[in-house]
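Enquirer: As you go down the protein sequences, you meet chains A and B in turn.
Using my numbering, you'd call the opening residue of the first sequence number 1 and step up by one each time.
Using my numbering, you'd call the opening residue of the second sequence number 1 and step up by one each time.
Hint data in this document are derived by calculation from the structure and do not stem from the laboratory.
All values reported here derive from a predicted model rather than from experimental measurement.
Beta carbons: idealized from backbone N, C-alpha and C, even for Gly.
Please note that the accuracy of each hint is not assured.
Stated by the list, open to error - List of simulated lysine to any residue pairs, SDA-like, C-alpha gap at most 25 Å:
id : chain 1 : residue 1 : chain 2 : residue 2
1  : B       : 65        : B       : 2
2  : B       : 81        : A       : 70
3  : B       : 23        : B       : 76
4  : B       : 45        : A       : 73
5  : A       : 74        : B       : 80
6  : A       : 74        : A       : 12
7  : A       : 23        : A       : 80
8  : B       : 45        : A       : 56
9  : A       : 65        : B       : 82
10 : A       : 17        : A       : 81
11 : B       : 23        : B       : 79
12 : B       : 20        : B       : 37
13 : A       : 81        : B       : 1
14 : B       : 74        : A       : 25
As the list claims (entries may be wrong) - Label-pair ranges, simulated between beta-carbon atoms:
id : chain 1 : residue 1 : chain 2 : residue 2 : range
15 : B       : 79        : A       : 20        : 15 to 23 Å
16 : A       : 41        : B       : 45        : 38 to 46 Å
17 : B       : 81        : A       : 39        : 27 to 35 Å
18 : A       : 13        : B       : 1         : 38 to 46 Å
19 : B       : 40        : A       : 20        : 19 to 27 Å
20 : B       : 40        : A       : 56        : 19 to 27 Å
21 : B       : 39        : A       : 55        : 17 to 25 Å
Said to hold, decoys possible - Chain B side only, calculated, beta carbon under 8 Å to chain A, not exhaustive:
id : residue
22 : 7
23 : 30
24 : 31
25 : 47
26 : 58
27 : 59
28 : 62
2 protein chains.
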Amino acid sequence: MPYYVITYDVSEQRVNKVRKILKKYFVWVQNSVFEGEISLGKLEKCKQELLQVIDQREDSIYIYKVHRLTDLDKQVIGVEKEFTDNFL
Amino acid sequence: MPYYVITYDVSEQRVNKVRKILKKYFVWVQNSVFEGEISLGKLEKCKQELLQVIDQREDSIYIYKVHRLTDLDKQVIGVEKEFTDNFL
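Start from the sequences and build out the full structure, keeping to the hints where you can.
Expert: Shown next as structure tokens:
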């Protein structure tokens with residue numbers, strides 16, 4: 001299953017809505033970054049939900065995909081953050 | 001050459017210093033994201049410089065690496081941002 005890193009730069013008024021959607025599909029790993037392994041079908045569903053809440057002229061979401069988690073190496077400098085439910 | 005996506009969550013007092021370092025090695029593609037292709041040697045140099053300016057107990061930098069750019073697929077929802085020099 002493909003592995004995804006999602007990054008975003010979204011206006012303050014809409015960022016919580018975007019996070020709530022992303023939290024259903026991915027893990028929140030840094031202030032503007034989510035990660036996770038999901039099927040293509042679920043990714044499409046997630047994208048449709050995101051399109052309903054963002055302003056495409058202002059907001060920016062990048063979906064990075066690798067075919068397998070093993071294709072991606074991750075190094076951490078400083079704190080490795082992970083946000084739990086009580087942040088939303 | 002490996003391809004990198006760098007994401008960061010750094011305190012306001014230090015974020016400009018981090019961006020100035022990253023801009024020497026990568027392209028600034030989203031508010032908290034840089035991308036680029038560099039040698040292992042240059043990556044180590046970049047990491048050493050970052051370690052001099054961040055507070056490792058508070059700040060967080062993730063370095064995602066794929067072996068080749070072709071291993072990484074990128075989809076954009078909304079705006080594809082790229083920051084030029086006048087932002088620093």
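Enquirer: Can you tell me whether the CB distance of residue 13(A) to residue 1(B) sits inside 38 to 46 Å?
Expert: At roughly 40 Å between Cβ atoms, residue 1(B) and residue 13(A) fall inside 38 to 46 Å, so the hint holds.
Enquirer: Quick one, are residue 65(B) and residue 2(B) close enough, alpha carbons at most 25 Å?
Expert: 7 Å, holds
Enquirer: Between the alpha carbons of residue 45(B) and residue 73(A), is the straight-line distance 25 Å or under?
Expert: 18 Å, holds
Enquirer: Tell me if residue 31(B) is really an interface residue toward chain A, meaning its C-beta lies closer than 8 Å to one of theirs.
Expert: 4 Å, holds
Enquirer: Does the Cβ distance between residue 40(B) and residue 56(A) fall inside 19 to 27 Å?
Expert: 38 Å, violated
Enquirer: Tell me if the straight-line CA distance from residue 20(B) to residue 37(B) falls inside 25 Å.
Expert: 17 Å, holds
Enquirer: Under the criterion of a CB-CB separation shorter than 8 Å, is residue 7(B) in contact with chain A as hinted?
Expert: The hint holds - residue 7(B) has a Cβ within 8 Å of chain A, the shortest such distance being about 5 Å.
Enquirer: Go through the hint on residue 58(B) and say holds or violated, using the shortest Cβ distance to chain A against 8 Å.
Expert: Since the shortest Cβ distance to chain A is 7 Å, the answer is holds.
Enquirer: Between residue 39(B) and residue 55(A), does the C-beta distance stay in 17 to 25 Å?
Expert: 39 Å Cβ-Cβ, so the 17 to 25 Å window is violated.
Enquirer: Holds or violated: 19 to 27 Å for the Cβ distance of residue 40(B) and residue 20(A)?
Expert: Violated: the Cβ-Cβ distance is about 39 Å, outside 19 to 27 Å.
Enquirer: Need the status of pair residue 23(B), residue 76(B): alpha-carbon distance at most 25 Å?
Expert: Within the cut-off at roughly 22 Å; holds.
Enquirer: Look at the Cβ atoms of residue 81(B) and residue 39(A) and judge whether their distance stays inside 27 to 35 Å.
Expert: 28 Å, holds
Comparing the model with each numbered hint stated earlier shows that hints 2, 6, 8, 13, 19, 20, 21 do not hold.
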